[in-house]
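Protein chains: 2
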Amino acid sequence: VAKKGNIIIGQSGGPTPVINCSLYGIISEAKKYGFEKIIGMINGIEGVLKEELIDLKCEKEETLESIKMTPGAALGSCRYMLNTEDPSDPNIKRIFEVFSKHDIRYFFYIGGNDSMDTADKINKAAQKAGYDLRVIGIPKTVDNDLVGTDHCPGFGSAVKYVATSVMEAGLHTESMYTSEPVTILVTVGRNTGWLPAASALARRDEIDAPHLIYFPEIPFSIEKFLVDVQSTYEKFGGVFIVTGEGLVDSNGSYLTARTSDVATDSFGHPELGGVGDYLKHIIEDKLGLRTRCIKLDICQQSAMHFASQTDVLEAALAGRAAVDYALEGKSGYMVAFEREPGDVYRLRTGLVELSRVANSERKVPRQWINEEGNFPTQEFLSYVRPLIQGEVSINIKEGLPVYTRLRKKRIK
Amino acid sequence: VAKKGNIIIGQSGGPTPVINCSLYGIISEAKKYGFEKIIGMINGIEGVLKEELIDLKCEKEETLESIKMTPGAALGSCRYMLNTEDPSDPNIKRIFEVFSKHDIRYFFYIGGNDSMDTADKINKAAQKAGYDLRVIGIPKTVDNDLVGTDHCPGFGSAVKYVATSVMEAGLHTESMYTSEPVTILVTVGRNTGWLPAASALARRDEIDAPHLIYFPEIPFSIEKFLVDVQSTYEKFGGVFIVTGEGLVDSNGSYLTARTSDVATDSFGHPELGGVGDYLKHIIEDKLGLRTRCIKLDICQQSAMHFASQTDVLEAALAGRAAVDYALEGKSGYMVAFEREPGDVYRLRTGLVELSRVANSERKVPRQWINEEGNFPTQEFLSYVRPLIQGEVSINIKEGLPVYTRLRKKRIK
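Residue numbers (our numbering), protein chains in the order written: chain A, 25 to 436; chain B, 25 to 436.
I should point out that these hints are in silico values taken from the structure, not numbers from a laboratory. Incorrect hints may have been included.
Where chains are identical, the list cannot tell them apart; a pair therefore holds if satisfied intra-copy or between any two copies.
[Claimed, not checked] Under the rule of at most 27 Å between Cα atoms (straight-line distance), these lysine-lysine pairs were calculated in the BS3-like manner:
1) K436 - K259
2) K117 - K148
3) K74 - K259
4) K28 - K433
5) K259 - K432
In this text the structure is predicted, and so the values were computed from the model without any measurement.
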C-alpha cells in the first residue's frame, strides 16, 4: 500500500558505530511501503533549515548494505537544537516550509536526548500548526543514558570495544607495573556511569583490569579514592581505574571545574575531559605512584571493526520499528527497547514519549553499584552482558576495513 | 641433540601486541633441542638482578598457544638499563653470578633499542669476563625505528590498528565537520615518523582521513602548517591530521618543550605527548577552527584483537631464528628482517650487530616523504602495506577476547 506523502530521516549528535544500522533499518522498512520519496537530511535538522536534502531511494542496495557497517553518521550529523516549538518562530516556519514543499509526512530522527528534544519540538510545532506529520525518534548513544528504554543502540558496541581495550591495555600495563603502576582510562559519558561500569565485564579474575570504577552518580571522595588506590596497589602491585568524564564532588561540582575554566559545547553542556589528569595528579602527589591517563575518545564511538553483532541487529530493528509505528499513526514517541522477563535475553520494541526522553538522563541505579561505590554489581553485569554478544564480519581489503559513503544525490 | 647449559629469555621496554609471539617462537624452537631448563626473567633484566626467574618448560602447550595471542609482556617487562659492561660492576657481577648458578649459556632479549643496548653490554661483559654465553636480541617496537632491519615485529599490528582507527575516527569526524572541523590524532613514536606515516594506508580516496601527516624527521614550520590546514579545510570542509609525539622546530627542540616543563622517563628520554594540544591551540587561535585531539596511547601497543597476521607470524619467526642463530654459535647480534627483492613480499632473517642497533634510531628516509613534508610517498606505502595483511582469529568468550597468563612457577 503506497502511503500518502514522503519520509525524511536525520541523524543528530555524536555518532555511534551502529548509527547507520538504524538508518538502514528505516530505509529498508520504508522501501516496502512504496513511498515516492525517501529523503535524507544532510547534517540533521540543519539540512532541513538549509534545504540540503538527498535522495535515499536512488542509493544502490549494495551501498546501503555497506553503509550499514560503516561508522560515522552517513547523512552527516549536527549539534543544532531548536529553542522553541512556536510555529511563528523563523526556524520552525522554515522547517515546515521545506516539509510542505517536499510533502514530508514522516519524520525520523536518530539521536540522543538533545536530538529527541528537537524531534519533540517538531512534533509539537506540527500539532500547533495543524501540519499532518508523524514524528518518531530512534535512540542512539554510547552513553546509554536515555530514559524509558532498557538500553540504547550504540551502547553495546561501545561496551564491547571499551571492555576489550581495558582487557588489552590492562595486560599491557600489568607487565609494566614496575615502571608505571597506575593507569586511568577515561571513557565518554558525562553524567552517567553506564559505559565505565560496563568495562567491568573485562574483569574475569580478581587480578584483571579494571580494579576500580568511579561513577558520576556517587559524589567523589578524594580520601576514599586514595584508600582504594593504595590498597589495590598493595594487593596487585598496580591499579587500573576506569571512569567517565564527569565525576562530581559532594556539592555536585565537576572535579575538573575546580582547576580549569570549563568550556561549554554548543548545547551549553560543560566540556569535560580533564578528570583523568585531575585523578592522575592526586595519585602522583599523594601516593607517589606514577600514573598514566588514557582516553579512548571517539574510537569508542566509531570502532565498527569490533562492534557487537547484537547491537548491530538491534539498531536496525529500532529503525524498522520506527517506520512501522509511524505507519500505525503513532507520533511524538521514541522507539524503546523492552527486555522480556526470564533468563534468556529477548527483546521487543515499545514506545516512550519524546517529551519524557528529551533532555533527561537515566542514571545507573544505586543498587547496581557496590556499597563502596567503586565497582558495579553482578546484577548490573548480567544486565549488560547480552548486549555485547556476537562479532561482526566486516569486509577487509588489503588488510583494512572497507567502508563507504552515500552517493548523496541532492533533491531540489 | 641436547645442548650444554640452559637458556634464559626476557622481555623489555613497552610491549607490542605480538611481543609474546616472539616469546612463543623462542620457547617452541628451544624445546626442540632438549635444553634442561628454559628460564624466563620476570621483568627483563630486573628479574636476573633479583633472581626472579620462572620455569617456562612446565607451562602447558595450551597455555603457550594462548599466550602467543595475548597482549602485554607475558614475562613482565622493565625499563631498566645497564650503565656499564665492566665485569667488576656490582650489577654485572650479580648477573653473572645468577647466570653461573643456573648454568645460563643462551640469553635472549626481546626489545627495542634500549633493550638491545642492555643485551650488547651483557654480551661484551661475558666476553671480558670469559663467561661462555650466546646473546641474541629479538626486535620489538611499534615505532619501527631499529636500524639494520627491514622492519620490526610489532609495527605491522600497530599500523593495522592505527590505520583502522584513523579510518573509523575519520568517518566519524567527517560527519561532525559542521561542529568540529579539525581532528589531530597523535600516535606513539618519539623521533621517527614510521607509525603516523603508515596511517596513510587508511586514505583510499582523497577525501578520506588522514589528510595531513607530520614527521619528526622534518623541522616543523607553523606557517606552512597553517597553510596546509586552511587549504585542506577549504577543500574538504574538515581536516584530519596525524602526527607522532615528537615534532621538532628548526632548532631541533621539541614543540612541546616551549610551553611546558618536559619530564623525562627513567631512560632520560623526554616524556612527550603535548604536541597534539600544542597544534590544537595553534589551529584554534590562528584559524578559529574547533579542533579535537585524540591519543590512541597504549591501545596501539596492545590491540591483539585486530593484529596483523603477517606480524604475528613474523614475530614468532624472529623468536625461532634467534634460537637457531644462537645454536650456530652466533652472539652479539639482533635478528633482522631482510626483504627479498621483487614484487612479491618475501622475508628472510639475518643478523645485525647489537652495538649497531643499541641506542640508534632509524629515521623515515626523506625520499619516502613528499616534497611538502606533509604526507608519505607511494613508495613508502608499498613498503608498509605487506606488513598489515591478514587478520588474526582470537578466542572469544561471552563477547570478549580470551587472554591468559603464564603460571610463572619460580625457580630457586
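Outcome of the hint check:
In this homomeric assembly, K436 and K259 come within 27 Å of each other (Cα to Cα) only across copies, at 23 Å, whereas the closest approach inside a single copy is 66 Å. Taking the shortest Cα distances, K117 and K148 sit within 27 Å of each other inside one copy (13 Å), while across copies they are farther apart (82 Å). For the homomeric pair K74 and K259, the shortest alpha-carbon distance between copies (20 Å) is at most 27 Å, but the shortest distance inside one copy (59 Å) is not. In this assembly of identical chains, the alpha carbons of K28 and K433 lie at most 27 Å apart only when taken from the same copy (23 Å versus 74 Å across copies).
Proximity of K259 and K432 under a CA criterion of 27 Å is satisfied inter-copy only: 18 Å between copies versus 57 Å inside one chain copy.
The structure meets every hint from the earlier list without exception.
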